[in-house]
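Number of protein chains: 4
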Amino acid sequence: MPAPRDTNLTVQEFNRIADARLPFAALMGLRAESIGFDGAVMRAVHRDDFLRPGGSIAGPIMMGLADAAFYAAILGNIGAVELAVTTNFSMHFLRKPPPGDILARARLLKLGKRLAVCEATLCSEALGDEQPVAHATGTYSIPQDAKKVS
Amino acid sequence: MPAPRDTNLTVQEFNRIADARLPFAALMGLRAESIGFDGAVMRAVHRDDFLRPGGSIAGPIMMGLADAAFYAAILGNIGAVELAVTTNFSMHFLRKPPPGDILARARLLKLGKRLAVCEATLCSEALGDEQPVAHATGTYSIPQDAKKVS
Amino acid sequence: MPAPRDTNLTVQEFNRIADARLPFAALMGLRAESIGFDGAVMRAVHRDDFLRPGGSIAGPIMMGLADAAFYAAILGNIGAVELAVTTNFSMHFLRKPPPGDILARARLLKLGKRLAVCEATLCSEALGDEQPVAHATGTYSIPQDAKKVS
Amino acid sequence: MPAPRDTNLTVQEFNRIADARLPFAALMGLRAESIGFDGAVMRAVHRDDFLRPGGSIAGPIMMGLADAAFYAAILGNIGAVELAVTTNFSMHFLRKPPPGDILARARLLKLGKRLAVCEATLCSEALGDEQPVAHATGTYSIPQDAKKVS
Numbered sequence: 001m002p003a004p005r006d007t008n009l010t011v012q013e014f015n016r017i018a019d020a021r022l023p024f025a026a027l028m029g030l031r032a033e034s035i036g037f038d039g040a041v042m043r044a045v046h047r048d049d050f051l052r053p054g055g056s057i058a059g060p061i062m063m064g065l066a067d068a069a070f071y072a073a074i075l076g077n078i079g080a081v082e083l084a085v086t087t088n089f090s091m092h093f094l095r096k097p098p099p100g101d102i103l104a105r106a107r108l109l110k111l112g113k114r115l116a117v118c119e120a121t122l123c124s125e126a127l128g129d130e131q132p133v134a135h136a137t138g139t140y141s142i143p144q145d146a147k148k149v150s
Numbered sequence: 001m002p003a004p005r006d007t008n009l010t011v012q013e014f015n016r017i018a019d020a021r022l023p024f025a026a027l028m029g030l031r032a033e034s035i036g037f038d039g040a041v042m043r044a045v046h047r048d049d050f051l052r053p054g055g056s057i058a059g060p061i062m063m064g065l066a067d068a069a070f071y072a073a074i075l076g077n078i079g080a081v082e083l084a085v086t087t088n089f090s091m092h093f094l095r096k097p098p099p100g101d102i103l104a105r106a107r108l109l110k111l112g113k114r115l116a117v118c119e120a121t122l123c124s125e126a127l128g129d130e131q132p133v134a135h136a137t138g139t140y141s142i143p144q145d146a147k148k149v150s
Numbered sequence: 001m002p003a004p005r006d007t008n009l010t011v012q013e014f015n016r017i018a019d020a021r022l023p024f025a026a027l028m029g030l031r032a033e034s035i036g037f038d039g040a041v042m043r044a045v046h047r048d049d050f051l052r053p054g055g056s057i058a059g060p061i062m063m064g065l066a067d068a069a070f071y072a073a074i075l076g077n078i079g080a081v082e083l084a085v086t087t088n089f090s091m092h093f094l095r096k097p098p099p100g101d102i103l104a105r106a107r108l109l110k111l112g113k114r115l116a117v118c119e120a121t122l123c124s125e126a127l128g129d130e131q132p133v134a135h136a137t138g139t140y141s142i143p144q145d146a147k148k149v150s
Numbered sequence: 001m002p003a004p005r006d007t008n009l010t011v012q013e014f015n016r017i018a019d020a021r022l023p024f025a026a027l028m029g030l031r032a033e034s035i036g037f038d039g040a041v042m043r044a045v046h047r048d049d050f051l052r053p054g055g056s057i058a059g060p061i062m063m064g065l066a067d068a069a070f071y072a073a074i075l076g077n078i079g080a081v082e083l084a085v086t087t088n089f090s091m092h093f094l095r096k097p098p099p100g101d102i103l104a105r106a107r108l109l110k111l112g113k114r115l116a117v118c119e120a121t122l123c124s125e126a127l128g129d130e131q132p133v134a135h136a137t138g139t140y141s142i143p144q145d146a147k148k149v150s
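Protein chains in written order, with the working numbering: chain U, 1 to 150; chain Z, 1 to 150; chain C, 1 to 150; chain P, 1 to 150.
The set of hints was computed from the structure by calculation and includes no laboratory data. Please note that a few of the clues may not be correct.
Chain copies aren't distinguished; within one or between two, either way the pair holds.
Pairs of lysine to aspartate or glutamate residues, derived as EDC-like cross-links and limited to a Cα-Cα distance of at most 20 Å, are as follows [said to hold, decoys possible]:
no.	residue 1	residue 2
1	K110	D19
2	K113	E130
3	K110	E125
4	K110	D49
5	K110	E130
6	K110	D129
7	K113	D19
Just so we're clear, the structure is a prediction, and the values are computed from it rather than from any experiment.
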């Protein structure tokens, strides 16, 4: 009897999907750190070309990171339904992140049949968890004829 | 006597800033098409690595595009104040854009001393202007000791 | 042969629904001005108890107004599907509206089978249309077994 | 020597401001439950005229509740700066709240000199805390010449 899984998509499975099917995620240095039924943690591995004037990490990198964290959190629950798509996304930028990795911790606020709603707090490794750099919310639409990737 | 300018930052000046100071904009294929006092148009030049499962353009590319269009619309009015930063950003995804360039048309809803608010409609060249693919709003904070880049 | 209608819900029909079924709309002084396939205009009739410190119209009155304008714009297209519900709502406050009526002009950005996305610009009669006081976007979920109210 | 306060505005002080200066808050049944440096809890006391078609609490009541909770959370930190104003507000609606009181628990994500950013989770007393009915984020602008009400 197989042990009960603590997620419907592992970090390895997610990163395999990302490698094969989300090439822009590599452009943004994104990779999954952990995925569970309660949420997901995604990392943007720093590169100097993510910096904007003033020397802080550019907003679009943080938005791509949070969006990917939502995707991982949802797929961790419903499995590899690749065609789940963002219907809206919103971010508040709280502090300018200095050069360094950014971590997004996403959690599901609601997982319905048709819509999933998530929030994420983003922290900079340089500033620590006490000083979040951004907060995001977003909604994903889950296709009704969802076919999982085998 | 110099002719009156129709903007405080030209497309050429913006693209020069982008080349020198926004390296992630190149990652996302972004370049300014037009900048005026009433707004700005920005283009994401298509690359196949912008596609996500289902074959449509990934959301983070569209978010980066709209954010850059807001930046151009604001700098078109206040000049090259590079340290203007996004304080919040929100996007609704309306239709899945097929492969092809995306255009963001941004306009200023408000230009205050401290905050500027913008909206943008994003269209796919493949679908045409009648079928927008996304709509974005955002707020930028304008530094009070704003020094323009010469 | 009946003349073609220019909407699937008239102003009179909407206001009848509001009177019977949206009692909070009366608390907020809301009434429909016009409804068409391309959008709807809703008015918040001024009362002094809508004012907040500083003497401007309180934000929640403007949020209720825009949300009702979205509802009218959607029902104008799909008919009296009362159970359509907001799934998200966002507003940018642009200027402080002085005492006086506020008008919200809503238009549909997308009308899908399951989701409708709207935007609205809010103007104060005291300031005029050139100085909008707020901008809103929102998404409504349309029930699949939608039964119209006869 | 006075004991250190655990807030710069008490529940009693906030409710006194609301009674005198936020008459729409009474329309929406709002009253502060607790205020501290870490956030605030606000309640919308149920009335049947808050219900919308389907028998659930109308969205604008929840938006007004969250906006007031943000205001209380901020004034709890900076004192009675009545002229602090919302610059943007966003809400995700997660579940339809049945008739009954709604509680908004707000916390500060950032308190800067010019801007404060908050989030709130809204729960229905009928459904319990495990099933939040809405999630909100918002930004307030803090006037630089802020004069506190004595």
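The hints, checked one at a time:
1. K110 / D19: neither (28 Å within a copy, 32 Å between copies)
2. K113 / E130: between (35 Å within a copy, 18 Å between copies)
3. K110 / E125: between (28 Å within a copy, 18 Å between copies)
4. K110 / D49: Intra 35 Å, inter 27 Å, cutoff 20 Å: neither.
5. K110 / E130: between (26 Å within a copy, 11 Å between copies)
6. K110 / D129: So K110 and D129 pass the 20 Å test across copies only (13 Å; inside, 24 Å).
7. K113 / D19: This pair counts as neither: shortest intra-copy Cα distance 27 Å, inter-copy 33 Å.
Of the hints listed earlier, those the structure fails to meet are numbers 1, 4, 7, in rising order.
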